[in-house]
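J.: For chain A, the structure is supplied; the task is to place chain B on it using the hints.
Order-wise, the sequence lines are chains A and B. Taking the numbering used here, I'd label the letters of the first sequence as residues 1 to 199. Taking the numbering used here, I'd label the letters of the second sequence as residues 1001 to 1120.
Heads up, a few of these hints could be off.
Derived DMTMM-like pairs (lysine to aspartate or glutamate); straight-line CA-CA distance at most 20 Å [what the hints assert, rightly or not]:
hint, chain 1, residue 1, chain 2, residue 2
1, A, LYS193, B, GLU1003
2, A, LYS96, A, ASP55
3, A, LYS180, B, GLU1003
4, A, LYS193, A, GLU138
5, A, LYS71, A, ASP29
6, A, LYS180, A, GLU161
7, A, LYS71, A, ASP59
8, A, LYS71, A, GLU21
9, A, LYS193, B, ASP1011
Quick caveat, the hints were computed from the structure, so don't treat them as lab data. Note that the coordinates shown come from a computational prediction; the quantities given were computed from them, not determined experimentally.
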Amino acid sequence: MSSCALGLLSVNTRVQATPSEDSRYRNIDAFLGEVERRAYVMAEMATRNPEDALDLVQDAMLAFVHRYADKPQGEWGPLFHRVLQNRIRDWARRRKVRSRWTAWLHHDEEDAGDPVQQAPDPAAVPVERLLDGDLAAERLREAVAGLPLRQQQAFLLRVWEGLDVASTARAMGCSDGSVKTHLSRAMSHLRDKLEAYRP
Amino acid sequence: MNESQQQRFRDALDERARDLDGQTLSRLRQARAQAVQAARPPRFRLQPAWLGGAAMAVLALVAVLLWRPMPGGHDDLPPLSAEAMEIATLDLDLEAIEELEFYEWLSEQDLGPAGGDGPA
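In isolation and in its complexed conformation, chain A is listed as follows (with noise of 0.2 Å):
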């Protein structure tokens, strides 16, 4: 055999996966596939667009691998969140200025803050008694879905998925802090929505 060949050997050798490596691997896998409905529901409360929220949890996912699977396996839940968060935060961000050039293009801007359309449907189901039902649960999601996007965060990080405040400030990238403010926002928001809902 050539000294050619015995070093295609040697470097193909190198890069065979340990049985540890083998191990991480199958773990990524596992706790990519735990977070990744839960995620994916975050990403489409943000986005409202189901081909967005996709694009979001998959970018999270491979940045996640790329800069934090070496991390303890302890930590990767509140890096998992911080990523994917970025990510819609981004998204956010991108959306903002695209809406406002979509509304210079279109000389629009006097119907942003018609009121008329802002007023709650009058059509719409009474939700007391919608509550016990499909409908009751949708409306909950929606309610999550219209706040604005930091409180949205706090609230699904605090107490849907059940990070600590300093984790969530972490997957936020903001202080202690604005988390307790943020969460604070949003179950006000939450809690009027409720009471709306009374008859």
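T.: Just chain B now, with coordinates in the frame of chain A:
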């Protein structure tokens, strides 16, 4: 918001995550598979030493190709004779070459009739 109200929101969100449609779940699985694949090292990773070796091999190949005599090039010239080679390798004074005719005349004068410095 009390705990019961928070739980109602949690249940609604859990329900959404649980009841995702098949196409969305398939896309999520694909995304996950891509991410895990990205975590694995490539089958063949180019090492700096290999890159250096490859560059040297390419340079050597180019040198060999350029070194080969071009058809209709210098091979058509006749080989230099021994005298020409001797002249070519001599350390000649350029001024002497420029005044070659003078030196040729001078040598003829030296080899002229004996006993005289030239015609009187």
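J.: Is the Cα-Cα distance between A/LYS193 and B/GLU1003 20 Å or less?
T.: Holds, at about 16 Å.
J.: Given the hint that A/LYS71 pairs with A/ASP59, test it: the Cα-Cα distance must not exceed 20 Å.
T.: holds (19 Å)
J.: Between A/LYS180 and A/GLU161, is the straight-line Cα distance small enough, at 20 Å or below?
T.: The given pair, whose Cα atoms are some 15 Å apart, holds under the 20 Å limit.
J.: Can you confirm whether the C-alpha distance between A/LYS71 and A/ASP29 stays at or below 20 Å?
T.: Roughly 15 Å between the alpha carbons, so the hint for A/LYS71 and A/ASP29 holds.
J.: Would the hint linking A/LYS193 and A/GLU138 be met if the CA-CA limit is 20 Å?
T.: Cα-Cα ~13 Å, so holds.
J.: Are the Cα atoms of A/LYS193 and B/ASP1011 separated by 20 Å or less?
T.: With Cα atoms ~17 Å apart, A/LYS193 and B/ASP1011 stay inside 20 Å; holds.
J.: Does the alpha-carbon distance linking A/LYS71 and A/GLU21 stay inside the 20 Å limit?
T.: holds (14 Å)
J.: Starting from A/LYS96, check that the Cα of A/ASP55 is at most 20 Å away, please.
T.: Holds - the C-alpha atoms of A/ASP55 and A/LYS96 are around 18 Å apart, at most 20 Å.
J.: Quick one, are A/LYS180 and B/GLU1003 close enough, alpha carbons at most 20 Å?
T.: holds (17 Å)
This entry satisfies every hint, going by the numbered hints stated previously.
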